[in-house]
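Student: As a plain string of letters, each chain reads:
There are 2 protein chains.
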Amino acid sequence: MSLLVVGSVAFDAVETPFGKREKMLGGSATHFSLAASFFTNVRVVGVVGEDFGQAESEVFNKRGIDTTDIERIEAGKTFFWRGRYEYDLNTAHTLDTQLNVFADFKPKLSDAAKKARLVFLGNIQPDLQREVREQVKDAELVALDTMNYWIGSVRDSVIKTIRGVDVVIINDAEARQLTDEASLIRAARKILSWGLRALVIKRGEYGAALFTKDAYFALPAYPLEAVFDPTGAGDTFAGGFMGYLASQKEFDEAAMRRAMVFGSVMASFNVEEFGTERVARLNYDEINARFRAFKQITHFDDAPFDVIAAV
Amino acid sequence: MSLLVVGSVAFDAVETPFGKREKMLGGSATHFSLAASFFTNVRVVGVVGEDFGQAESEVFNKRGIDTTDIERIEAGKTFFWRGRYEYDLNTAHTLDTQLNVFADFKPKLSDAAKKARLVFLGNIQPDLQREVREQVKDAELVALDTMNYWIGSVRDSVIKTIRGVDVVIINDAEARQLTDEASLIRAARKILSWGLRALVIKRGEYGAALFTKDAYFALPAYPLEAVFDPTGAGDTFAGGFMGYLASQKEFDEAAMRRAMVFGSVMASFNVEEFGTERVARLNYDEINARFRAFKQITHFDDAPFDVIAAV
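Protein chains in written order, with the working numbering: chain Y, 1 to 311; chain B, 1 to 311.
Worth flagging that the hints you see were computed from the coordinates, not collected in a lab. Mixed in with the good hints there might be a few duds.
[To be verified] Heads up, simulated DMTMM-like pairs for lysine to aspartate or glutamate below, C-alpha to C-alpha not over 25 Å straight-line: (1) Y:Lys114 with Y:Asp166; (2) B:Lys295 with Y:Asp252; (3) Y:Lys77 with Y:Glu22; (4) Y:Lys249 with B:Asp301; (5) Y:Lys249 with B:Asp302; (6) Y:Lys295 with B:Glu250; (7) Y:Lys213 with B:Glu225; (8) Y:Lys114 with Y:Asp138; (9) Y:Lys295 with B:Asp302; (10) B:Lys295 with Y:Asp306; (11) Y:Lys295 with B:Asp252; (12) Y:Lys295 with B:Glu253; (13) B:Lys137 with B:Asp156; (14) B:Lys213 with Y:Glu272; (15) Y:Lys295 with B:Asp156; (16) B:Lys20 with Y:Asp138; (17) B:Lys249 with Y:Asp301; (18) B:Lys62 with Y:Asp306; (19) B:Lys23 with B:Glu50; (20) B:Lys249 with B:Asp156; (21) B:Lys115 with B:Asp252; (22) Y:Lys213 with B:Glu272.
Next comes chain Y alone, as it looks inside the complex:
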């Protein structure tokens, strides 16, 4: 088993300036696992209710994602989120959240799940993230995501959990909130000092940055004329990042940088259509074409200024 993800499987109702969907498959573990499935074997630990049917299972099955560890509670309903994006698409306005079966979610890992080589702890209560982390002692790389809600309410637990993982993948506002630092670079250095191998900062339309002990890497976002639905972009990025790493023998700086690009590639596709629609039908030619586009977008000649040669 290569990559394990623990997180939410949900139904989303989303309205953007481009249209709306009343009920579509969503959740952090869903977006993550779909993106990662192009690069490695993925297993999901999560919980759903009786309303989670064959059509939803099919989305996972078609991508070969192992859903054995998705618990199904017949007496309950699946986590539901309703949100609306305004004109600029940067901020989601939550209109309704029904935790349902997710309210009592206690991740249960099968023996197979405990043998995962890489683990992604999606955005759930940090104590639960730590419980999962303690069950995957042999994992070579464990990453986590978190959010402003947990940082604001149980910050100490968030930091304690971070101290037990290898990689943190969060957005810039969360990094600043977590450290009380206005400077993102200073915030990043502080978070790294909690014992991480790497810190990934997602910056939405501005791209993403990778901080390691000795290096800094920054990548712009793919230039899309229109973002159709940003829901799940962050988890899709993490899925591409972790999925690609799982395909590699070593998690060195070079591999992490390529993983940043594949994360950005997958996220750029995710926002082109509603929910999981675009990523679910991606193929390798499309993925690699966009990888090459990122190379084009960022390339410049390694030619420092030569006073003598100047006109």
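Take the given structure of chain Y and dock chain B to it, following the hints.
Tutor: Just chain B now, with coordinates in the frame of chain Y:
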């Protein structure tokens, strides 16, 4: 003569969280010409008052900048601006603006100035920019900057002026305001369609992007732990960009991309200290070391995903 800049020469009073200066040399033409002077010969067209003394002239002279076309009005005072930056340093709060001799500024170009190979029209009234543009008919490349004030008050004149130049260098908010487009990519395409060879969008701490008819290039900002004083960063970027281009025989895509990097290099130094202090004493080793750092920061292997080789 290689590069001509028309713009403000000013005194600034600036307060940042790190300290304050009551009167220091500033202005768009000052920051621009200092940065450009490392790459080419620069001539400034501007106006100053009787308070502009030997110490200020020395800053230009030391960098070999030709100030013959800076008009000196003995009965007047130099343009003065007072501003304060808050904790996050992203927004300047203007506390006082005294246009003084700048209020009646009518750029006067000497014969030598009219022969410039490249011209930068700094942020002045767009009708004046157009008057200057018409006097440099043989220039190979003319670029301009503008600002929210002109876009809001004389938008048609701004657009008319843009239609007469080759390159526009503005920030992302100005691009959106100019086109009424929320999507930066769409805004950029629209501005490009007004007949430009290239559009440069400055994004502050997120770097800068270059739009040409067939390509897109994006570069992150240099990762500074602390921005000391952002005053003049945009003009310093433009100075590095245009100065480097002036050192090149051709203004092709590759040269423009390297110019983007040198612009970013110079801007990153500018914000490390107050006003012109850091750039005024730069040397080529420092400039090229930071150019190489940008290459490090943005590099990743050109290695698309290989399903067969995956672990």
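Student: So, for every hint listed, does it hold in this structure?
Tutor: Right, here's what the structure says about each hint:
1. Y:Lys114 with Y:Asp166: Between Lys114 (chain Y) and Asp166 (chain Y) the Cα gap is close to 17 Å, so the pair holds against 25 Å.
2. B:Lys295 with Y:Asp252: Distance ~18 Å between Lys295 (chain B) and Asp252 (chain Y) Cα, so the pair holds.
3. Y:Lys77 with Y:Glu22: holds, 16 Å
4. Y:Lys249 with B:Asp301: holds, 16 Å
5. Y:Lys249 with B:Asp302: holds, 18 Å
6. Y:Lys295 with B:Glu250: Between Lys295 (chain Y) and Glu250 (chain B) the Cα gap is close to 23 Å, so the pair holds against 25 Å.
7. Y:Lys213 with B:Glu225: This hinted pair holds, its Cα atoms lying about 15 Å apart.
8. Y:Lys114 with Y:Asp138: holds, 8 Å
9. Y:Lys295 with B:Asp302: holds, 7 Å
10. B:Lys295 with Y:Asp306: Distance of about 16 Å is within 25 Å: holds.
11. Y:Lys295 with B:Asp252: Holds: Lys295 (chain Y) and Asp252 (chain B) sit about 18 Å apart, inside 25 Å.
12. Y:Lys295 with B:Glu253: holds, 15 Å
13. B:Lys137 with B:Asp156: Distance of about 22 Å is within 25 Å: holds.
14. B:Lys213 with Y:Glu272: holds, 23 Å
15. Y:Lys295 with B:Asp156: With Cα atoms ~38 Å apart, Lys295 (chain Y) and Asp156 (chain B) exceed 25 Å; violated.
16. B:Lys20 with Y:Asp138: The hint is violated at about 54 Å.
17. B:Lys249 with Y:Asp301: OK: Lys249 (chain B) and Asp301 (chain Y) at ~16 Å, within 25 Å.
18. B:Lys62 with Y:Asp306: holds, 20 Å
19. B:Lys23 with B:Glu50: holds, 15 Å
20. B:Lys249 with B:Asp156: Violated - the C-alpha atoms of Asp156 (chain B) and Lys249 (chain B) are around 34 Å apart, more than 25 Å.
21. B:Lys115 with B:Asp252: holds, 22 Å
22. Y:Lys213 with B:Glu272: The given pair, whose Cα atoms are some 23 Å apart, holds under the 25 Å limit.
Hint check: violations occur at hints 15, 16, 20; the rest are consistent with the structure.
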